[in-house]
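Spelled out from the first residue to the last, the chains are:
There are 2 protein chains.
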Amino acid sequence: MKNKGLLIVISGPSGAGKGTVYDRILERAPEIQKSVSVTTRLPRAGEQEGVHYYFKTLTQYQQMIANGEFLETASVYSNYYGTPKAAVLGLIEKGRDVMFEIDIHGARQIKARYPQSILIFLMTRDFEVLKERLIKRGTETPASLKTRLSSAKNELAQYELFDYIVFNDTVEQAASDVLGIICAEKSRVKANEAAIKKMLSN
Amino acid sequence: MKNKGLLIVISGPSGAGKGTVYDRILERAPEIQKSVSVTTRLPRAGEQEGVHYYFKTLTQYQQMIANGEFLETASVYSNYYGTPKAAVLGLIEKGRDVMFEIDIHGARQIKARYPQSILIFLMTRDFEVLKERLIKRGTETPASLKTRLSSAKNELAQYELFDYIVFNDTVEQAASDVLGIICAEKSRVKANEAAIKKMLSN
Chain A
1 MKNKGLLIVI
11 SGPSGAGKGT
21 VYDRILERAP
31 EIQKSVSVTT
41 RLPRAGEQEG
51 VHYYFKTLTQ
61 YQQMIANGEF
71 LETASVYSNY
81 YGTPKAAVLG
91 LIEKGRDVMF
101 EIDIHGARQI
111 KARYPQSILI
121 FLMTRDFEVL
131 KERLIKRGTE
141 TPASLKTRLS
151 SAKNELAQYE
161 LFDYIVFNDT
171 VEQAASDVLG
181 IICAEKSRVK
191 ANEAAIKKML
201 SN
Chain B
1 MKNKGLLIVI
11 SGPSGAGKGT
21 VYDRILERAP
31 EIQKSVSVTT
41 RLPRAGEQEG
51 VHYYFKTLTQ
61 YQQMIANGEF
71 LETASVYSNY
81 YGTPKAAVLG
91 LIEKGRDVMF
101 EIDIHGARQI
111 KARYPQSILI
121 FLMTRDFEVL
131 KERLIKRGTE
141 TPASLKTRLS
151 SAKNELAQYE
161 LFDYIVFNDT
171 VEQAASDVLG
181 IICAEKSRVK
191 ANEAAIKKML
201 SN
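So the protein sequences, as listed, match chains A and B.
When we follow this note's numbering, the leftmost residue of the first sequence carries the number 1, and every step to the right adds one.
When we follow this note's numbering, the leftmost residue of the second sequence carries the number 1, and every step to the right adds one.
In case anyone wonders, no lab produced these hints; they're calculated from the structure.
Possibly wrong hints are sitting among the right ones.
As the list claims (entries may be wrong) - Cut-off 25 Å, straight-line C-alpha distance, at most; resulting in silico cross-link-like pairs (BS3-like, lysine-lysine):
1) B/K111 <-> A/K190
2) A/K186 <-> B/K153
3) B/K186 <-> A/K111
4) A/K198 <-> B/K186
5) B/K131 <-> A/K197
6) B/K2 <-> A/K153
7) B/K153 <-> A/K153
The task is simple: from the sequences and hints, build the whole structure.
Have a look at this one:
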């Protein structure tokens, strides 16, 4: 009796360390699947169809939107990026866990289209630390820094969208917390109902 | 901003390994508190008041029941055993986690009197394994074995009372699963609401 897999979403403001924590989780739990996005941008050198992205024309992409084929879709600098629903739900049905690292708009779309998704908000312990991290990256102008901090506050204010909040004190601890959440979600009575009923029916 | 502690209940049928898993969790996470029970039975050699038990007379105990001072209470072979509510909730208010190892009747009482409790059902992967373990203990007659297995099935049928089910394949894995559940519960957005609101108000 194979349980369904989980759809796990890691979100959080710029500077909170989503990408680093996400990569560390996948190193420690390589059985978790990354989802492959669909995009309208052209392949870069070395990028392979179905591995890095599914490459589509704008017309194809718009048709996919019209067909409701996306768990989430967004446009960034005039290119589209989206998550194909069928591929992800197919993995989940087979019992595989799929994890996303995505901004809050994507997280909201995924929750709306697949309410069983587990949404984790990754955040620094306070805004001071977030500010320091953004400054350290050295990529922010004073104006963009201000915008990012204000966006971060705006995102945290939407905390009720999320199931969990993980404070990124260290990458290792944050990764452990997410793995603990995944373990707990797999131990939910609701997630094991079919197996329990089978045990009871014997 | 200190979050409240958790009240964690480990329950499950005889033979599932509650005691062993409970002890292993406390070894790995010594910061978790055991609750000290109140009892009407006489102290055995070496047992200290307030460490092993709070020792009470039958009259005192019955007064405590009448006052609603227990999270759960039960009688075993004409002695009473119970969990004092004030002591446990006091620890939880201070942010300490308190863990119980208790039978399903106790678990049900605790959930009724403190609905935020986290109830974990510890079970073997199937009833065959449970039977083998009970036989290995060498303490069961054929009749008592039959009773225990039938009780176990009856307990599992009450799975909806529980939040989580942990399969005790190995003690180490089961302890890790419970620690994962505790970590996840501490990461719930609801458990961190006060801290989040404080961050937003600055």
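Query raised in the report: Any hints this thing doesn't respect? Which numbers, in order?
Result: Result: hints 4, 7 break, sorted rising.
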